[in-house]
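Novice: Let the sequences and hints guide you as you build the complete structure.
Chains as they are written, first to last, in the numbering used here: chain A, 1 to 392; chain B, 393 to 763.
Calculated directly from the structure, the hints in this document are not laboratory data. This structure is a prediction, so every number in the text was calculated from the model and none was measured. Even for Gly, the Cβ is constructed at its ideal location relative to N, Cα and C. Mixed in with the good hints there might be a few duds.
[Claimed, not checked] Non-contacting residues of chain B with respect to chain A, defined by C-beta distances greater than 12 Å in every case (computed):
(1) Gly615
(2) Met672
(3) Gln720
[As the list claims (entries may be wrong)] When the alpha-carbon atoms are kept at most 20 Å apart in a straight line, the in silico SDA-like pairs for lysine to any residue are as follows:
(4) A:Lys309 <-> B:His667
(5) B:Lys415 <-> B:Gly458
(6) A:Lys382 <-> B:Gln663
(7) A:Lys382 <-> B:Phe662
(8) A:Lys382 <-> B:Arg657
(9) A:Lys382 <-> B:Ser661
(10) A:Lys309 <-> A:Ala346
(11) A:Lys153 <-> A:Asn140
(12) A:Lys153 <-> A:Glu136
(13) B:Lys415 <-> B:Glu442
(14) B:Lys741 <-> A:Phe326
(15) B:Lys415 <-> B:Leu439
(16) A:Lys153 <-> A:Arg334
(17) A:Lys309 <-> A:Phe326
(18) B:Lys524 <-> B:Tyr752
(19) A:Lys382 <-> B:Gly656
(20) A:Lys309 <-> A:Val248
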Amino acid sequence: MTDAARVEEAIDRLLTEHPPNETAPAEFWGAQYDAGLAWVWHEEGSGGLGVDRSHHPTVMRRLTEGGADTSNRRRNVLGIGMGAGVLSVHGRDEQRQRWLRPMFTMDEIWCQLFSEPGAGSDLADLSTSAVRDGDEWILNGQKVWTTLAHVAKWGLIIARTDPDAQKHRGLTYFVVDMEAEGVEVRPLYQITGEAEFNEVFFSDTRVPDDQRIDDVGAGWRVAMTTLMNERVAIGGTETPRGSGAIAVAVDAYREPGVDDPVLRARLLELWAESEAARLTTIRANETATVGTPGPEGSTGKLSWAELNKEITAFTVELMGLGGTGFPGGYELTRPTGMPDYDPMRAFLRARANSIEGGTSEIMRNIIGERVLGLPGEPRVDKDLPWREVPRS
Amino acid sequence: MTGVRLSYLPSEDQDLIRSAARKYLTEKIPSDRVREIMMASEPDRSLWDELADLGWAGFLVPEEYGGSGFGYPDAAVLAEELGRAVTPGPFLASAVLATTALLGSGDPRRHGDLLSGMADGSVVAASAIYEKRRGWDPEDIDTTANPDGDGWVITGRKRWVLSAPHADMFLVSARTDDGVDLFAVPSDTVIVTPTPTLDATRRQGDVVFDSVAVPAEARLGGGEENLRRTLDIGAAVVASEQVGVASAAFDMALDHARTRFQFGRAIGSFQAVKHRLADMLTRLENARSVALHAVRVVDDPVELAIAAPLAAVIAGPVANWITGESIQIHGGIGFTWEHDAHLYFKRAKAASLLLGDHGYHLSRMGDALGL
Chain A
1 MTDAARVEEA IDRLLTEHPP NETAPAEFWG AQYDAGLAWV WHEEGSGGLG
51 VDRSHHPTVM RRLTEGGADT SNRRRNVLGI GMGAGVLSVH GRDEQRQRWL
101 RPMFTMDEIW CQLFSEPGAG SDLADLSTSA VRDGDEWILN GQKVWTTLAH
151 VAKWGLIIAR TDPDAQKHRG LTYFVVDMEA EGVEVRPLYQ ITGEAEFNEV
201 FFSDTRVPDD QRIDDVGAGW RVAMTTLMNE RVAIGGTETP RGSGAIAVAV
251 DAYREPGVDD PVLRARLLEL WAESEAARLT TIRANETATV GTPGPEGSTG
301 KLSWAELNKE ITAFTVELMG LGGTGFPGGY ELTRPTGMPD YDPMRAFLRA
351 RANSIEGGTS EIMRNIIGER VLGLPGEPRV DKDLPWREVP RS
Chain B
393 MTGVRLSYLP SEDQDLIRSA ARKYLTEKIP SDRVREIMMA SEPDRSLWDE
443 LADLGWAGFL VPEEYGGSGF GYPDAAVLAE ELGRAVTPGP FLASAVLATT
493 ALLGSGDPRR HGDLLSGMAD GSVVAASAIY EKRRGWDPED IDTTANPDGD
543 GWVITGRKRW VLSAPHADMF LVSARTDDGV DLFAVPSDTV IVTPTPTLDA
593 TRRQGDVVFD SVAVPAEARL GGGEENLRRT LDIGAAVVAS EQVGVASAAF
643 DMALDHARTR FQFGRAIGSF QAVKHRLADM LTRLENARSV ALHAVRVVDD
693 PVELAIAAPL AAVIAGPVAN WITGESIQIH GGIGFTWEHD AHLYFKRAKA
743 ASLLLGDHGY HLSRMGDALG L
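Specialist: Here it is, written out as structure tokens:
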């Protein structure tokens with residue numbers, strides 16, 4: 001039987017034995033995991049069928065058509081979208097057995113603890129420490145910009161285990177229990193007045209050695225697997241023509257009293273840029289399906305980040321004096337669920353687009369160095385032990 | 393458009409077209425030869441004969457008229473390669489614009505002999521459309537075609553006519569009592585005055601139609617709709633050519649940034665240069681996307697009305713910007729006549745004006761979107 005036929009058969013059986021409209025989502029997700037349809041490219045027994053990743057769109061399409069709830073991928077994105085990939089590549093069998101199924105069923109939410117106040121673009125300079133103590137590690141330090149930390153059971157964390165090694169080599173990757181002693185989660189309010197993110201403090205938090213992912217000192221390599229998945233996830237979502245931020249700009253332009261040739265020209269420029277970036281995303285996904293990602297796969301994040309800032313700022317301009325208001329005010333709250341789209345909040349939130357998941361400056365370095373093959377900048381930190389690297 | 397998902401991946405045919413064209417143009421028409429042809433006092437015919445032998449003159453002409461019978465997505469690949477090589481000659485004028493106008497006319501079979509001649513390279517056809525500096529819209533056509541016995545008498549002056557000095561036949565747009573249409577007029581009945589061009593690899597000229605009498609069958613019969621469709625398809629193919637022009641200028645800049653050392657380092661290691669190149673690649677990929685899309689929707693009038701001006705709106709400025717930045721990254725050598733950077737800069741600028749400037753395309757795109 002071909003791989004495609006195996007996938008189709010597994011989908012048929014899942015939908016027949018667990019009709020989505022009669023099955024609770026968590027139960028369906030468990031059955032989906034057991035059927036190898038959570039991540040088809042994973043090995044059998046780890047939520048997959050051991051087939052090529054190109055079969056994944058078929059699974060998503062057929063399950064959506066069959067009425068299945070696929071929101072777990074979005075709601076537990078740091079686990080299902082990133083953690084699972086790390087575990088599948090770098091984890092051990094017993095780790096996959098322990099974590100993957102409850103991750104997929106949403107019984108356990110995951111978060112990712114990478115950025116620190118002192119280590120953003122230069123992530124490898126991070127200073128949260130993990131010191132070995134018998135079969136355990138003792139964590140101390142502070143992480144920032146942690147989505148979902150306040151509801152998460154598990155965190156993917158990278159910590160410094162050898163301060164005397166060169167900075168990329170002294171890092172180790174762990175899974176930390178967010179309910180363990182010495183973990184404190186505080187909301188981090190952003191310029192919108194909301195706290196989508198958290199700060200997380202570790203004070204002598206103990207992590208069993210069997211929650212270490214891959215070798216001691218291999219943390220940087222493992223983290224790169226996670227970040228690559230994140231960049232693809234941010235750039236790669238296909239949307240219908242004229243939807244998203246540009247739709248809001250078009251609506252604002254159509255409000256009575258806006259008719260103006262200068263504004264029209266700017267709107268159309270942005271519409272065209274938006275449509276071009278959208279087509280590039282579609283093209284990048286199509287190329288990636290064939291298995292040979294082209295340069296268009298790397299430029300998408302940069303395009304969208306810069307464009308979204310321009311479009312949302314222009315939308316506020318279209319609102320005229322209305323753009324001086326901020327409906328609802330700055331309440332300093334944690335958003336719950338999906339709030340209604342608000343152009344003023346979107347204008348402020350967009351500033352993060354070119355910072356999160358790799359700043360636009362870092363993206364340009366990546367495109368310049370990895371895609372175009374240009375040499376890197378001379379480095380002063382390269383051959384020094386981490387302890388001796390100058391830092392602010 | 394509805395329901396059918398377009399593919400932007402190259403077909404096997406298109407991969408073959410690209411590699412064959414790249415090889416031929418690199419080996420046989422390097423920039424030395426381009427420069428020779430562009431500096432010659434008379435238009436070159438030998439190159440066009442060569443390209444006709446390769447089947448490129450009749451690339452879009454159906455096989456029944458002796459052409460190669462390819463479609464627009466295929467022709468766009470060839471146009472991109474010709475742009476990469478800033479190849480001189482009447483490909484855009486004859487093999488794209490005039491061919492499209494004839495195939496979209498009321499009855500292409502009536503022009504079978506002309507199409508056959510165009511396909512074998514013996515006849516070069518040029519479209520004589522524009523009369524005013526900013527007269528891209530068919531509304532701006534003042535040239536008249538008046539009935540005279542069984543035929544027509546055409547009077548008017550066309551300017552900036554692409555490939556006019558090459559042309560054996562003009563497809564001239566003229567106003568009749570029942571609207572604008574195209575008429576096939578042999579070049580020996582008109583007065584052609586070659587005019588120097590910004591992009592010297594493509595010749596232009598003024599063409600005067602001084603009460604030229606033509607038979608009834610000279611009228612193409614597709615009306616203004618066929619003219620607008622031809623110009624839209626032309627804009628889509630030009631966008632592909634601009635992608636080729638921009639990608640060649642980009643490749644030159646990238647190569648220079650890797651190999652040129654200052655301050656003891658390759659200049660491409662400086663972020664001021666590296667980030668510029670990253671932005672150039674990013675915008676180039678977006679231009680490629682709109683160009684690929686436009687040539688895939690030529691049979692859908694509603695979508696073409698959006699996609700063609702969209703392609704021009706993105707690809708024109710991107711090509712102008714990248715070819716300009718390529719000169720900048722090359723520094724002093726990029727400003728010399730000897731270096732090829734200026735050939736691309738000039739080609740991009742002229743091509744971004746030939747069928748409508750940025751504002752014209754932007755506004756038409758807005759009209760098509762109801763904005």
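Novice: Does each hint fit the structure? Answer for all of them.
Specialist: Consistency of the hints with the structure:
In this structure Gly615 (chain B) is separated from chain A by more than 12 Å, as the shortest Cβ-Cβ distance comes to about 28 Å. Distance check for Met672 (chain B) against chain A: the nearest CB is about 10 Å away, which does not clear 12 Å, and the non-interface claim fails. Separation of Gln720 (chain B) from chain A is adequate, the least Cβ-Cβ distance of about 16 Å exceeding the 12 Å criterion. For the suggested pair Lys309 (chain A) and His667 (chain B), the alpha carbons sit about 19 Å apart, so the restraint of at most 20 Å is met.
Between Lys415 (chain B) and Gly458 (chain B) the alpha-carbon distance is near 24 Å, which puts this suggested pair outside the 20 Å criterion. For the given pair, Lys382 (chain A) sits about 18 Å from Gln663 (chain B) by alpha-carbon distance, which is consistent with the 20 Å threshold. For the given pair, Lys382 (chain A) sits about 18 Å from Phe662 (chain B) by alpha-carbon distance, which is consistent with the 20 Å threshold. Taking the CA atoms of Lys382 (chain A) and Arg657 (chain B), the gap is near 17 Å; set against the 20 Å cutoff, the hint holds.
Of the supplied pair hints, the one linking Lys382 (chain A) and Ser661 (chain B) holds, its CA atoms being roughly 16 Å apart against a limit of 20 Å. Under the criterion of a C-alpha separation no larger than 20 Å, the hint pairing Lys309 (chain A) with Ala346 (chain A) is consistent with the structure, at around 9 Å. Taken as a hint, the Lys153 (chain A) and Asn140 (chain A) pair is honoured in the structure, with Cα atoms around 19 Å apart against an allowance of 20 Å. Proximity of Lys153 (chain A) to Glu136 (chain A) is assessed by CA-CA distance (about 19 Å); at most 20 Å being required, the pair is judged to hold.
At most 20 Å may separate the alpha-carbon atoms for a hinted pair to count; Lys415 (chain B) and Glu442 (chain B) meet this at roughly 14 Å. For the hint pairing Lys741 (chain B) with Phe326 (chain A), the CA-to-CA distance comes to about 44 Å; that exceeds 20 Å, so the pair is violated. The hinted pair formed by Lys415 (chain B) and Leu439 (chain B) meets the criterion: a straight-line CA distance of about 16 Å does not exceed 20 Å. Between Lys153 (chain A) and Arg334 (chain A), the direct Cα distance comes to roughly 19 Å. Compliance with the 20 Å bound is thereby established for this hinted pair.
Of the supplied pair hints, the one linking Lys309 (chain A) and Phe326 (chain A) holds, its CA atoms being roughly 18 Å apart against a limit of 20 Å. This hinted pair checks out: Lys524 (chain B) and Tyr752 (chain B) have alpha carbons roughly 14 Å apart, not beyond 20 Å. Between Lys382 (chain A) and Gly656 (chain B), the direct Cα distance comes to roughly 19 Å. Compliance with the 20 Å bound is thereby established for this hinted pair. Of the supplied pair hints, the one linking Lys309 (chain A) and Val248 (chain A) holds, its CA atoms being roughly 13 Å apart against a limit of 20 Å.
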